[in-house]
Each structure stands twice: as structure tokens, then as C-alpha cells.
Amino acid sequence: MSSLTITDRDAAAGPVVEVTGDLDYTHAAALRRQVERLTLRPGQCLVIDLAGLRFCDSSGITALLAARQHALAAGADIALAAVPANTLRILTVIGLDRIFTLHPAASTA
Amino acid sequence: MCRTGQDPESSETEDEADTDALFIALLEDSAEELYESAPCGYLSTLMDGTIAKINATLLRWLGMEREAVVGRRRFTDLLTVGGKLYHETHFAPLLRMKGELSGIALEMKTADGGRLPVLVSSTVKHSGEGEPLLIRTTVFDASDRRTYEEELLHRKREAEQARAEAEQARAEAEEARRQAEADRVRLADALAVLQQSLLPASLPAAPGLETAVYYHTASPDRLGGDFYDLFPIDGARWGFFLGDVCGKGPEAAALTSLVRYTLRAAALHDPEPATALATLNAVLHERYAASGDVRYCTAIFGVVDTGSRPGHATVRLASGGHPSALILRAGGHAEFLPTPGGLLVGILPSAPATTAETVLEPGDTLLLYTDGLTEARTGPTHNSLYGEDALHAFATAHAPCTPQEAIGALSELLDSFGDGLDDDTALLALGVPAVPPHPLPATKHDR
Amino acid sequence: MENWVVMDICRRNNVTVTGRSDGPVVVLAHGFGCDQNMWRLIVPALTERYRVVLFDYVGSGGSELSAWSEDRYASLDGYAQDVVDVCDELDLERAVFVGHSVSAMIGVLAAQAAPERIGALVMVTPSPCYIDDDGYLGGFTAHDIDELLAALEANYLGWSSTMAPVIMGNPERPELGEELTNSFCATDPDIARVFARTTFLSDSRQDLKSVHVPTLVLECVQDVIAPREVGAFVHAAIPSSRLVSLDATGHCPQLSAPEATARAILDFLESL
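Residue numbers (my numbering), protein chains in the order written: chain U, 1 to 109; chain A, 110 to 556; chain Z, 557 to 828.
Okay, chain U solo, but in the shape it has when bound:
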């Protein structure tokens, strides 16, 4: 059974959203809703911390792209932190490694 936990906190550069579990068809919408609730100011950087991500399918990719759209619309930036190898491979295949700023860890974002 898949599961997903999402928490967010504020860091100096902007909000940090920690994703733990599975970003799949069942749970991806939760990330979209959570991110859409965030208020972003121009110049901030939204960091999605994927250190705890176990699985990501196309629904998860869609949620990440929606987060990107939400950030850009607010004049903010977006970065993915601690992307697991599996997901990084997928991001590379679909070219998103060049669309998202990637950081080894949330603290370096």
C-alpha cells in the first residue's frame, strides 16, 4: 500500500515542502493541493525536498510541473532537493533535469 506525507516549513529563501512516500496516481493530487495553498512572493524559491520520496510516476511528475507553474506564476523560482536516483533517472529521460534546478540536499538549496 502506497502512502504519502507532505510537510512544509519556511526557510530563509522561501518555503520548503518535504515529500515522504509515493508520488503516484493515488497521492500526487495531495502535493498539488498542498503547493497551491502556499503563498509565494516574487524572488522567493520554493524547494521541494524529495529525500524521502520512494516512488514517482507520471502523476508525480505532473504534480512537480504544477508546482513549477505555481512558483513561476508568483514570480518565484523552484528547486528540487535530494532527488533520489530512480527519480533523477526519470527526470533525465524526460528532460526535466534541465528545467528544474536540482540540489543535492534541501540545506544547500
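If you only want the chain Z side, here are some residues facing chain A, beta carbon under 8 Å, derived:
| no. | residue |
| --- | --- |
| 1 | 588 |
| 2 | 590 |
| 3 | 696 |
| 4 | 700 |
| 5 | 704 |
| 6 | 706 |
| 7 | 707 |
| 8 | 781 |
| 9 | 807 |
| 10 | 808 |
| 11 | 811 |
| 12 | 812 |
Keep in mind the hints are simulated off the structure, nothing from the lab.
The structure displayed is predicted, hence computed values, not measured ones.
Ideal Cβ positions, reconstructed from N, Cα and C, are used throughout, including at glycine.
For this one, chain U is given, so just place chains A and Z on it according to the hints.
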């Protein structure tokens, strides 16, 4: 036991006499008194129903004077009209046949216009010769019992009504269930038809090529988002594509439809693979991303040309964020045809797509697949992914093989994933026959 | 095949054939409320010279209750069809049809439907219409019929417990025999309700004009169900009829005055 010296009889007889006297005194009742004041009505009629005798109790119940009744009224005159009808059609015939009846429910009319529910029992008194002489009837006030019985009947009718309603509700629920099942079947049929309209059930025959396709549906009631197609561009050139739109269901189906027709139209305009994908990217971005909706797809688009060298085919393809194609070579090995740097189609106003080219020799097979295959979860806990390396090894083990053989082996592989395969998966393979179907004419030697 | 059908109708309508097998045929038909046992005291007077056919309408007495349907038996035509069915199966020709109460009118309808089967009618305490109508005195109002239905209902609870022992045990009239109708007068209440409505709410006055066969109208001088005005009406409406008034009380002279009733019927039969 012997009781000498005494007269045991005398004292006991005295006692009995005393008791009897007391008994009679207490009763203070004569047969006449008993008849008149009994707690039930008594009535004697001639055989034609004329009342010959009636007791005071019944007269009191009816509020009638003896003189107005005896010799002047018939039994049926005391009944309500419904009671009369019932008497004539049931009571009287039965009494004539049986000689007695008991406990028949009737209603009597009282002098003040009221109704008295009664239970009637009658006996026919016969003469010594067996001739019927008169009818003796007892009448019990049945107001309470009738109320009770009416309540019972009322409850019975209510219960019957409730049962009928329950049956009706059950029938309606059954009908609704049947309807829902019919709707579900119809929806599944419609979805299957729609899915088939999105996916050609069979590919057209392309001269000089062998092709095979397979589609695994993860869920029959949810339209999948994978797609493929093969279509002629001109004489020796065929366009083909395979991809995966984001999402599931009707929205994915609409997107799939848009992708398919856009790619076909774009290819007819300019078959260069990167250009076709760029057109698709522009269309999707304008249609969705520009208005805030995230819709995209991955796709490999290619053109295969069998015209340049007989028995060979040149393939040019471009990928937009799609896993690399795999080639199973006639020589018995497999290799990816890398298309790095391609981006998901539809998320940016313009997206780079990388083009790659290869030549298919006789016996070579090109395989396109969606990531349902490589992302299938394997292992005892479904925790690891099948992955590209395993696919490469699988392909190597099966090379060389025809497109049909490759698809056959892969569909078995997909089956073997069981629950680990939770996404739709599309496979498309095309290749050049190892042995040309029409062998070249034998070379003419000089004599 | 034909035999089978005969058996089927005979069983359906509990048909009894008795009397002189080569004699003229007399069909005895019961009315609402009872069954063919109604004729028990009359039958012995007829059997010496006549072939006597007795039956129960479907829904009454010993008939096949499974053959009953509200559709068919909510109109007198359904009962008349029972009569025609029985006549057809026994291949009766010009039989004398003796109908009691509502059966008198059922006989009129059956004679209309199958004139070759019925050669004469005996109408015992008939009434073509029980409800008073403009200038016609039937004796009842529609409300009275509702009261009868209520009385039927009121006795419904009694049928199983009270009536059954009475019907079963018959100490004083052993000649009636044990086989006498455990079902006599004890009809299924739902069926009885339909028969009661059909009987008492029908108006067959116009059908009397269709009667051209010799007809005997038997009335009682005291009958709350079919008053003498109604007997006179029926007699007047059928020119080929003869009216006999029995010095009897009630609606069932075949029980209350069996000798006089049998005598009147025999006189009529002998006159044919």
C-alpha cells in the same frame, strides 16, 4: 374400616342437605330468570325467521320493546343490510344444511340507529319425526372482540401493504442494480471502442517491413494514456510514433486524440521527426500550459524509409522525454538508440528534441515501449523497478528475433509482472525481414 | 387428447353427473356464497327421470382454485364461460339450465353465448340488478354491498377456527354425508370478494330480452335479496316465461322449501 356404634350416614346427609339449601338460596334463580337476564341474547324463531321468543338482555341491547318484536319481526330484520345479505347467502343455507352454526360475525341494528357487532350461534330444533320446527339462537356482544379482530385485519392489511411495498422496493433495487450493471457494461464497451479509436487495432501492412504491437490495459474502466501509430507518408516512407500522455481517463483520451492527429498532420507537412515533435509541443503548450493546465506527453516519433536500399530500412527518430528505443540486431545483440536531451512535450513554449538515426539490416528489429515496462515493480515486495538494464539483458537474450517474436516475448514478460505492472504499457516493434519475402531473381551468369 | 380436455374441465369445475344416463339433461348451478351442495335436497327428486349435471364455478367449492383469475371472474361473462365450457365438454344439447340467484343471470348469458346448448331456463330467485335504479327497485344501494363485503371480511378470521369444525361435524343430518363439502360456503376471502362484487354490482337487465327459450321464474314470497318486485320484473321482461311464487322465506327455497321447489321444477320440466 369398620365404624361400629355410629351411624355415619346420618350426619353426612344432614350436611349435604344444608349445603344444597344454601346453594339454592344463593342462586335465587329460576330458569325463566336465567333466560331473561343471561349475559347473552337469546332468540327463538320459526323456520321462516319470524321471532317467537326473545330475552330481555337482547331487547335491552337493541333498545326494543318485546311487543314490537315478537311475532312482528324476522331475525333478518334485526340485521344491517350487509348482515342480511351475508345471512341469506351464507348463514341460512349453512344452517339449513348443518342444523347448527356457531360464532358467525354479524351486525345488528339498534333502535337508535346504532350498530351492535355480535357473534351468533344457532341450532335447529327438530320434531320427533325429524321435521325442523324452530331455530334457537344465542347472541354474544362482540364489540370488544370485533374491535380486536378489526385491529387484526387492519394490521394484516398493513402488513400485506408493507410486504408489497418491500417487494416493490426490492424489485426496484434489483432493477436499479441490473441497470447499473448494464450501464457499467455499456460504459466498458464504450471505453473499449474509444480506446480502439485511439489505438489502431492492427497496423497497416508496410511493404518491406514487419510490424507488431501490444497494449496492456492496467484497468479496464479507466482509459489508458499510451498511444502508438504507423502510417504512410509517401511511396517508401512510413511515419510511426509511440508515447505516453500524462494522466488517465477521459482527459487523457482527449489528449491522446489531439496528439495522434497533430503528429499525423505534422508529419504529412514536414516528416522531419524533430519538426513534428516541435509542432506537437507548440500545439499542446498553446492549448494547455499557456492557460495554466499542465498537460504533456512523452513521445518518440520516427520515419522509416525502405526505399534507399532494398532489404534495408533507414530510421530517423526523435524523442521528447521518452525512453530510448531499443534495437535487437540480427547479429544477436541489443542496443539502445540514445536520444538524450529531449524534453517532455508540451510544458515549455519551445522544447529541444534530439534526433538519432540508424539503419535496420535484414533481421534487425526496432522496439519502442512506454515506461510501464521499465517502471514495472519487481521483486518479492514489488520494491525494485524492472529498469532499462534488465530490459537490455532481456532483449540481448532474445536477439535476433522478428517483431512478432519480440512482442510475444515481451507480452509474456509483462504478464509475469502480475500486480507489479500497474500502468498501461504500449509496445511497438518494426523490422526488416531476415529473408526477403520475394527472393531476388537469381543472378544471370554469362554463358 | 379430447378425453384429456374433458377430464380437465370436469376437474376444474368439479363436475358431477348423476341420474338417468339417457334422460333429458338438467344442469344445476349454484349462486354466490355456496357450491353445488346447495342442490342436495333437490337432486333426489330429479334423478329418476333426468340426467343431472352439477358443478362448482371456478373459485367455489371443490373447483381448481389455481384456475381462478380476477380478470376472468370479475365479470359475469367469465362465469358464463364456465357454463359453456362444461356444456361443451359434456357435449350437452338443449339442456335445462337451473340457476340459483346470480346463476340465473349467468344462465341467460350462457344461453346467449351457446344457444344450441341450452334449451330452457329455470331461474331460482333471480335478480338482474341488485342496486336500486331510476324507477327500478333492486333492493339495495351500493353502500349496502360495501357492508356485505365488510361482513365477509369480518367472518374471514372465523373461517379457519369456527366454521371448519361446524362443517366437519354434522351429527344431526347424517344423510348429508361426510364428503359434504368441507368447503361448503368457505371460499377463499379474496375470491369471495370478487364474486360478491361481480354478483351484486352487475346490471344484466338488458340481457333478459335475449331470452326466447321456455323459462321458469321461481320466487319466494319473502326474500330480502330478490324481492317480489324483481321477480315480476324478470317475468315481464321474458315473454316466454312462467312465474311461480313459492310460499317460502329466504333466498334459498331449495333448502327452505325443497319439496315445493322440486315440484315446481318437475312441473316445468314435464311441460317442455
